[in-house]
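Q: With the hints in hand, could you dock these two chains into one complex?
Protein chains in written order, with the numbering used here: chain A, 69 to 550; chain B, 2 to 449.
Think of the hints as simulated: they come from the structure by calculation, not from any bench.
The calculated lysine-lysine pairs, modelled on DSSO-like cross-linking and capped at a C-alpha distance of 27 Å, are: (1) A:Lys134 x A:Lys415; (2) B:Lys295 x A:Lys421; (3) A:Lys415 x A:Lys523; (4) B:Lys103 x B:Lys124; (5) B:Lys62 x B:Lys295; (6) A:Lys523 x B:Lys373; (7) A:Lys108 x A:Lys236; (8) A:Lys215 x A:Lys228; (9) B:Lys295 x A:Lys485; (10) A:Lys485 x B:Lys392; (11) B:Lys280 x A:Lys436; (12) A:Lys504 x A:Lys539; (13) A:Lys267 x A:Lys210; (14) B:Lys373 x A:Lys436; (15) A:Lys108 x A:Lys134; (16) B:Lys280 x B:Lys341; (17) A:Lys134 x A:Lys349; (18) B:Lys341 x A:Lys436; (19) A:Lys436 x A:Lys539; (20) A:Lys108 x A:Lys228; (21) B:Lys373 x A:Lys504; (22) B:Lys373 x B:Lys341; (23) A:Lys485 x A:Lys421; (24) A:Lys504 x B:Lys341; (25) A:Lys210 x A:Lys113; (26) A:Lys421 x A:Lys236; (27) A:Lys267 x A:Lys228.
Derived coverage of chain A by chain B (criterion: at least 3 residues anywhere in the stretch with Cβ under 8 Å from a Cβ of chain B; other residues may be distant): (28) 460-473; (29) 477-484; (30) 492-503.
Calculated Cβ distances over 12 Å to all of chain B for the following chain A residues: (31) Glu115; (32) Tyr143; (33) Cys221; (34) Glu298; (35) Leu318; (36) Gly350; (37) Asp392; (38) Glu397; (39) Asp512; (40) Leu516.
Note that beta-carbon positions come from the ideal geometry of N, C-alpha and C, so glycine has one too.
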Amino acid sequence: MSSTASEIDRRISRDYKEGFVTDIEAETLPPGLDEGVINKLSDIKDEPDFMREWRLAAYQQWLEMKNPEWAHVNYEPIDYQSISYYSAPKSDADKPKSLDEVDPKLLETYDKLGIPLIEQQMLAGVAVDAVFDSVSVATTFKDTLAKAGVIFCSFSEAVKEHPELIKKYLGSVVPVADNYYAALNSAVFTDGSFVYIPKGVRCPMELSTYFRINASNTGQFERTLIIADEGSYVSYNEGCTAPMRDENQLHAAVVELVAMGDAEIKYSTVQNWYPGDENGKGGIYNFVTKRGACRGNNAKISWTQVETGSAITWKYPSVILEGDNSVGEFYSVALTNNYQQADTGTKMIHVGKNTSSTIISKGISAGKAHNAYRGLVRVTPGADNARNYTQCDSLLMSDECGAHTFPYVEVKNPTAKVEHEATTSKIGEDQLFYCKQRGLDEEDAVNLIVNGFCKEVFNELPMEFAVEAQKLLEISLEGSVG
Amino acid sequence: MAISAEQQLLEVARDVTLAGNGVDWVDAFRKNAAKEFGERGLPTATMEDWRYTNLRGLARKFPQPVLAESVGAQGSVPAVPARIPDLVTIRLVFVDGQFSAKLSDGHINSSDMLVENLASVLKRDSSLVKGLVGDRIGNHAHGFTAINSALLDDGCVIRFGKNADLLTPIELVYLSTGSERSRFARNVIHLDQGSRATVIERFVSVDENASGLTSVISEISVGANASLSHYRIQEENAASSHVGGSYVGVAADGRYRNATASLGGNVVRNDLVVALNGKGADCQLDGVVIGQGKTHVDNFTRIEHHEPHGTSREHYRSVLDDRSRSIFHGRVFVAVDAQKTDAQQSNQSLLLSEYAESDSKPQLEIYADDVKCAHGATVGQLDENSVFYLKSRGIGDDEARGMLTVAFASEALVELDNDPLRKAIELAVRSRLAPELAEAQSIFEDQQ
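In isolation and in its complexed conformation, chain B is listed as follows (with noise of 0.2 Å):
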């Protein structure tokens, strides 16, 4: 086989200088990882997680990375999305998956909280992230991790100690530059016993001609008691494609709620593995996936519970028009020992048009026998009878379907805990879906 493109890619890698470069751990860390890809490649359809999604597109022509040492030669800083109205958060912007100083509001580093990007914990003292980065990816590990890992260099590390609680939410910003690029982050979060934080990441790009992949992989620690809300929010231009993955371990009553809205991108993928590791953990999963254009989203999901009395919530709504695409993969795992495990998950999607499709696997896989565990799938329409309830009331026809595929889509978005985002996330949604509708310009409009 010649040298593929992923091959040259590793190639270009090894000629920059990357964070951490001669500190031992992390030096091995990345050449296992380059060998580990070496021997994985990138995932091809033939493989069961990933058998509807076709990469060969990237296999073929895999976008240039951005590295450390080819940032700053971008000249005019980039314009930064708005903030979130009513919503006071702690930002940190990332351009092309490098840390922008200029851009961001800068760091936290106190006695209990470090809030700072990775390249910089790297260069000042590695053994804050040593045994984080790595930890929690294990056996879902595939190609996209792997070069993930081999060039790792820059993302945000979030440590809190014991009983740390911050209620100003972290913004972090990821902006794609420049056309056909491939821009990487890694991101390690770690929640100390009793802490609380709220993460919200935004995937945005700078301009249309923005284009390439971006791939940001987080690895979550939340420790016994602690509680994170991570909020994924991927509005990335049609030309833009994405693998991402949140890898989450959480301890004995630990919580994690999760919400993932899906509004644009050319092919989007989003790994999203929590292990429930201790009695009594929580977590809840929303997902909201906005159709149009091409855009294809497979949200792959996997809920291990491997202590008793835990408990999960998932929630995916798919609404889809045009030529899109969407992929549900739902695993639910009950391990021997976790008993009184109540799981329930849901998948549904709309169809708006002759080309569209839904593809949903929601699966369940149970070792224990008292439990309780459901999942639902449904596919179809609007119920004509509630379009027909609305026209009856004096609203025409658009308006009540608009109305009304809105909200099918916003139900995911119920449970999300934090008002200004979700209104926000919602006029997303609103936007796209019935722009006739849309009380105000959205925040996630407009901004290519």
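Chain A with its partners taken away, still in its complex shape (with noise of 0.2 Å):
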């Protein structure tokens, strides 16, 4: 156990190790961060004129920004002149010829989740030669989309062929100046996912990051952005329960979603980056803005979250409640073990007449974690007939742990109901003694135990990702029992 334990230190570090050090390729961008930069990514991604001066005003924005300190994390201050803004994918000749060379810590856990081998060979980076060729997956998708008028494709492909909508709808919901990370994201961003749903149109097939096989690596500032056009609907999944190899510790990536009248967007969210060793060396920072708007009446917006990864989670997705009668939800299961650190929760802003929005978040912390759910219901004036209900429960599994529940409720009008409840506990004694006289050991009593605890979460993933997540919640949560 310990022997393949220090494997993983030892290759994931070097690993992480690697993403900082300045080893030139064709493209890659040495550290640091001025005007020069910008306008070199904006080159290399041979981007129209609107988008570079957009970046770059964005940058001066940034400039003169701070780095946010509010959140109940701790971390030591970032070098953003040490980073990289621009690496190429690797080459083929970089990375693990195999399966056979890859981390069987790594595998044992894509078995435990069920992942099929061609699959666990591109999440764990394998070059995939010709023979299998992942992406004519792709094509038969696109053809299907295609047909139904979805527009699915990266950020910068978007940014050639759909101007016009990028124009319209890029920042219009998470503007650039909004907090600290989105002005830098706006700045640097390299890639993302772009979806446009027409008219009246239900997509007629789940969408997701993952399949969007010639844009995997969007490196660490993504940036996404989807419009639900009157009337249509869409479903986009986003991340994967498999631990992902990545390169880069700071992720800030911002995602905008647009739905119009009529339009329901379903947003899934799992997330299981590397979170650092057990003694909370290394681990991703994931400081991501979220943000959805219902701009016409009847809109949806639906966020559904598992995060069990990255060391520092700073995440908020939020929804502007502009159309009457539109409706926000936020579903989310945040697990933080060892020394992970989050901070998540979420922001309803009731602006149309009969607004609704539904909260539910469930917090897990275990080992020397710290989980804060940091939330915002803002009823403005003329949101009448506003209705919220919020529910915030914390699970606590080991006496150095800390779960924290930092809500907000702003009500400016007489005729809101607004419903706020938290509870903070640890498994109860008699829940375990229970399961365990029915035979369970107690490692299975507290996996059901707490799979009970998320049920209402998971039952908003779509079924795999369901059956996924649950899984993933196992796994996280070995050996933290005791």
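A: Here is the structure:
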């Protein structure tokens, strides 16, 4: 056990170090950030002028902003000049030749998650040769989507092919100056996904970043924009339950969702990036800005997230309920173990009439981790009959961890009904005893109870995702019982 | 930066002889506090703990402080509010923060009980409060605590020895007179092991011309197995602001109860910080806010569980009409060692007007695993089914709503363990929310 663990440490730490080394290949920018770097980035991506100007303006904004310090997390200050802001996808020569070269512990995890061999290769970053043409899978996808009129492509492609949509919607939900990391992302984002669902179209399949193979290496500054035009529906899955190989330490993504009248967007995330080792060394910093706007009447945006990875998570998927009768939902499971820190939650801004929002947040804290829910429910003066229900439960699994709840409820309309409930407790001795008495060992008993605790959120996930998420939780909690 | 109003305030203080001048520790205490205030200034809305309360008005023109030497120039004796019906108390009256022997019942100075105003304690034997003044605020200091310390002069000292038990409540009445004045007072309450006391604080404006700021800060230690019931009834007029604070430490098996009724005022801020420092310590904090006119009430509470087996209960209710606004900040902090903590917190608001606002921040910060902690917050309206039920029993619409509104507010007071006082507060609530339902004139009414 210990030998394999140190093997992982060695491999992972080596990999992460490489992310910061100036091992310049054809298209890798040296570390540092200034206007020149942004111009070069724009050149490499061959972007139109409007995009370049937008980036440069964002950079100027960023320079004037300060690193936010209000979150309940601790980390060493980040040196933004030591990061390389663009690196081309690794050439096949650098990648492991086959699964035999991949860390056995990683493979074990894949097996537990029941991931097919081919996918395992992809996830582990194995150079997949042409025999298995994964691209063909993607191509079949594209045909089906094109028939429905759905645009689903990488952000860089969209900038070139659909500049009018980008111009219209980019930054319309998360303004450049929204926060420090959003500004940074706006200046240096490398790629991401773009989705446009035309009027009245129900997207024929669940979209997933996972299948967007040609642009799988989107780097650390990802930008996603999803627009659901009137009466359309889309379900979008981001991330993957399997631990991803990743070379970057800082991730500052921005996701913008726009739902027009009668449209619905369902956005599900499973995040399982490298959380650092059991001593809290290494791990990804995940500083994400996610926000959706219900622009028309009867629009609906639903966020579901399962957060188990990353050393630090700073993430508040939010919904601005502008249209009348619009609906916002947030379902979250955040699990922190060892030295992980999570400060996550949501914001529901009620603007239109008869709007409603639901927040279900489940925090699980084990080891020496800290898990905070931070949420805002704001009912503006015009939001008649707004309704919100919030439930935040925390589960403590060790005597060294912390669980915190910081909700903000701001109501300026007398017809609003807002409810917030939160509890914090540990797994009851009697619950455990009951399960053990029925023949379950302690670990299974804990898994059973934890899964029950998270049920309300898992129910919101697409089915395959939910099954994987459940397994993921079990794996993440391994060894934390006792 | 030009000299601010606050700075001028300190200049004024320099020329006045405050109680205890010449005593080394008192001088040093004031000097340090003045320096601290110079550094901190008044809190601004950019500070997280003050984000909903804007004090720009105060910062622009800080009301002239009433200090020892300026009292006495007042001439006529102000009218004193009526006693609480059916309740015998020992009353100490402070006029603009200065003790008035004429209006008070007197002092207690026995072998195990001391109830005396701070200024005379400082003059007589300052060692009685040495180490107690400035002891409890600690990390919770802000501009107002600093200025209060810098202008340390009068207030009330309550010191009970071991097992001292006073069944008669001590009633502290703070009268504000005159326009645009700021009034400061500092209370020190120290209950030794096994002792018991009840303290009622009442904040009253003598007439509608009284305006400015009242800032009364209490530093309280409740010893092992001791018990303190502490009530604050704040009923100043709409032109008066109030920034008060109670900083409490509770030792093992000690018990602290607080009820805060905010029934009036312009900008009102109540800080209530309770540290449960001993095993099995217990606190219960109740609050009711009746917001009318432009009243802005900010209740900032913090309960710290530092030792195992502590219990805390917190229950705040607001009824908000007109353009009033209520802010509830409640943090429950549970330290690593505080296993078996049982903490419950709730904040409920009733909005009656489209211009009223309720902001609620109930927070849990928990570092121990074997705990039971819960909080809840709701904002809403009267239940139409309940209104319908009452109407179907022949009660008019207005009356039914009045009854339900009063019942909603009064629910925060059900645990208040002093019957006459509870009735008096309930009556005050009723006369404000549903005057037609008030059976008798409230004693908290019409004394302006």
